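Colleague: Each chain, letter by letter, is given below.
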Amino acid sequence: MSQAVVDAVREKFPDAVTGAGSHKGDEWVVVRRERLVEVIAFLRNGEPDMKLLRQIAGVDLLTYQSEMTGGGALASIEVPEYAMQKKPQVEPRYYVSYNLYSITTKKAVRVRVELRSDDVKVPTITSLYKTADWWERYVYDMFGVEFEGHPNLRRIMLYPEFVGHPLRKDYPVRKRQPLVPELDFPDLVRGPGPGPGGAGVPMSQTHVGRKNVDPNTYD
Amino acid sequence: MSKLTVVNFPEGNVPESQRLGGEEQNVPVLLSRLDESIGWFEKGLSGALGWARKNSIFQYPFVTACCGMEYMSAMAGRYDIARFGAEFPRFSPRQADLLMIVGTINVKQSPVLRRVYDQMCEPKWVMAFGVCASSGGFYDNYATVQGADRVIPVDVYVPGCPPRPEQVLDGLKILQDKIQSQRHRLATTEKARDVK
Numbered sequence: 001m002s003q004a005v006v007d008a009v010r011e012k013f014p015d016a017v018t019g020a021g022s023h024k025g026d027e028w029v030v031v032r033r034e035r036l037v038e039v040i041a042f043l044r045n046g047e048p049d050m051k052l053l054r055q056i057a058g059v060d061l062l063t064y065q066s067e068m069t070g071g072g073a074l075a076s077i078e079v080p081e082y083a084m085q086k087k088p089q090v091e092p093r094y095y096v097s098y099n100l101y102s103i104t105t106k107k108a109v110r111v112r113v114e115l116r117s118d119d120v121k122v123p124t125i126t127s128l129y130k131t132a133d134w135w136e137r138y139v140y141d142m143f144g145v146e147f148e149g150h151p152n153l154r155r156i157m158l159y160p161e162f163v164g165h166p167l168r169k170d171y172p173v174r175k176r177q178p179l180v181p182e183l184d185f186p187d188l189v190r191g192p193g194p195g196p197g198g199a200g201v202p203m204s205q206t207h208v209g210r211k212n213v214d215p216n217t218y219d
Numbered sequence: 001m002s003k004l005t006v007v008n009f010p011e012g013n014v015p016e017s018q019r020l021g022g023e024e025q026n027v028p029v030l031l032s033r034l035d036e037s038i039g040w041f042e043k044g045l046s047g048a049l050g051w052a053r054k055n056s057i058f059q060y061p062f063v064t065a066c067c068g069m070e071y072m073s074a075m076a077g078r079y080d081i082a083r084f085g086a087e088f089p090r091f092s093p094r095q096a097d098l099l100m101i102v103g104t105i106n107v108k109q110s111p112v113l114r115r116v117y118d119q120m121c122e123p124k125w126v127m128a129f130g131v132c133a134s135s136g137g138f139y140d141n142y143a144t145v146q147g148a149d150r151v152i153p154v155d156v157y158v159p160g161c162p163p164r165p166e167q168v169l170d171g172l173k174i175l176q177d178k179i180q181s182q183r184h185r186l187a188t189t190e191k192a193r194d195v196k
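Going line by line, the protein sequences match chains A and B.
With my numbering, letter number 101 in the first sequence gets 101, and the count goes up by one each step, no holes.
With my numbering, letter number 176 in the second sequence gets 176, and the count goes up by one each step, no holes.
Read the hints as simulated data drawn from the structure, not as lab findings.
These numbers come from a predicted model, not from an experiment.
Check before you lean on any hint, since a few could be wrong.
Derived DSSO-like pairs (lysine-lysine); straight-line CA-CA distance at most 30 Å [what the hints assert, rightly or not]:
(1) B:K108 <-> A:K175
(2) A:K130 <-> B:K108
(3) A:K12 <-> A:K24
(4) A:K121 <-> B:K108
Start from the sequences and build out the full structure, keeping to the hints where you can.
Modeller: Listed below in structure tokens is the structure:
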């Protein structure tokens with residue numbers, strides 16, 4: 001539906017675009033990181049007139065292969081397969097996806113930047129969109145992507161004491177970082193307290209039915 | 001209506017090591033007929049105070065999530081929690097007897113919940129309203145406290161996602177039975193419950 005926009009971007013920045021695609025009417029264009037601000041500035045101020053930044057999303061592809069082959073490892077209560085394997089390296093590991101929309105022409109397009117895991121940095125687009133301020137803070141909070149030049153790059157949802165980035169696929173699913181000391185409370189289902197993370201008791205040992213889990217490979 | 005069993009923890013859910021007074025507090029010692037008569041008087045006073053307290057529960061609804069809808073339903077005219085003496089929601093914890101944790105408690109909120117609990121005057125009770133407040137519910141993730149009892153002691157758990165108002169009223173009646181069976185003393189002799 002927005003193929004014309006993608007074509008316009010390819011035509012104007014032939015050296016910046018490294019790929020493009022379409023799925024059920026949703027077009028995306030993959031852009032090199034160095035040219036990202038230029039491309040988005042063209043999409044906003046140029047002919048596509050995309051004045052609305054709907055979302056900036058982060059993607060972590062670390063478990064992409066294992067999820068495809070293993071059938072939903074994340075939904076299972078068993079240890080995900082990727083936790084047993086020592087972190088399969090997928091490069092580029094991260095995507096940052098900018099979801100743009102034009103109110104005048106009713107077209108949408110996604111601009112994607114691909115990042116290698118040893119250099120998780122993107123230039124900020126807060127100079128173009130005010131909305132990008134909080135979206136970039138969100139992606140930083142959840143995925144640890146650094147937006148260079150952002151005026152106020154802090155966590156937006158989690159507390160400052162939080163260590164790590166929870167939507168990264170190598171963040172342990174049941175790792176807890178409590179803010180107040182948790183009470184020791186005996187519980188038939190959840191097992192003896194204190195809560196996971198409180199005194200170094202892994203959640204896998206506190207849950208009935210998860211006792212076969214080896215804590216060394218997990219929490 | 002079926003008879004429900006009430007499980008009593010004498011000092012709430014506070015762990016043994018953190019209770020005030022330790023074990024010797026719970027050992028009954030009768031030295032003389034004077035003590036016995038005082039004990040008889042205290043028992044009557046406790047029953048009277050318990051009856052008064054269980055029928056005038058002022059709630060503080062700590063509403064954080066969708067269970068709030070069911071709380072409103074239980075509070076409003078159709079189910080009318082006031083029929084059981086829980087007439088007023090007090091939106092200040094200092095005026096409340098019952099802290100209703102209505103909804104998910106996430107880690108960022110847990111210091112707030114703890115402070116609200118600390119601000120309430122003795123005697124105070126806590127109801128975990130819904131599965132999220134009881135056990136974390138299906139939010140088995142980095143952001144959610146796995147049950148409000150990890151942060152503050154809880155007296156009554158009302159399961160459900162969200163619970164129906166009847167369940168809330170049931171939980172309230174269980175709490176009333178619990179309050180009646182607890183030992184009450186006059187405020188001058190009341191020891192503050194310490195969970196620090």
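Colleague: Could you run down the list of hints and mark each one as holding or not?
Modeller: Results for each hint:
no. : hint              : result
1   : B:K108 <-> A:K175 : holds, 15 Å
2   : A:K130 <-> B:K108 : holds, 26 Å
3   : A:K12 <-> A:K24   : holds, 25 Å
4   : A:K121 <-> B:K108 : holds, 27 Å
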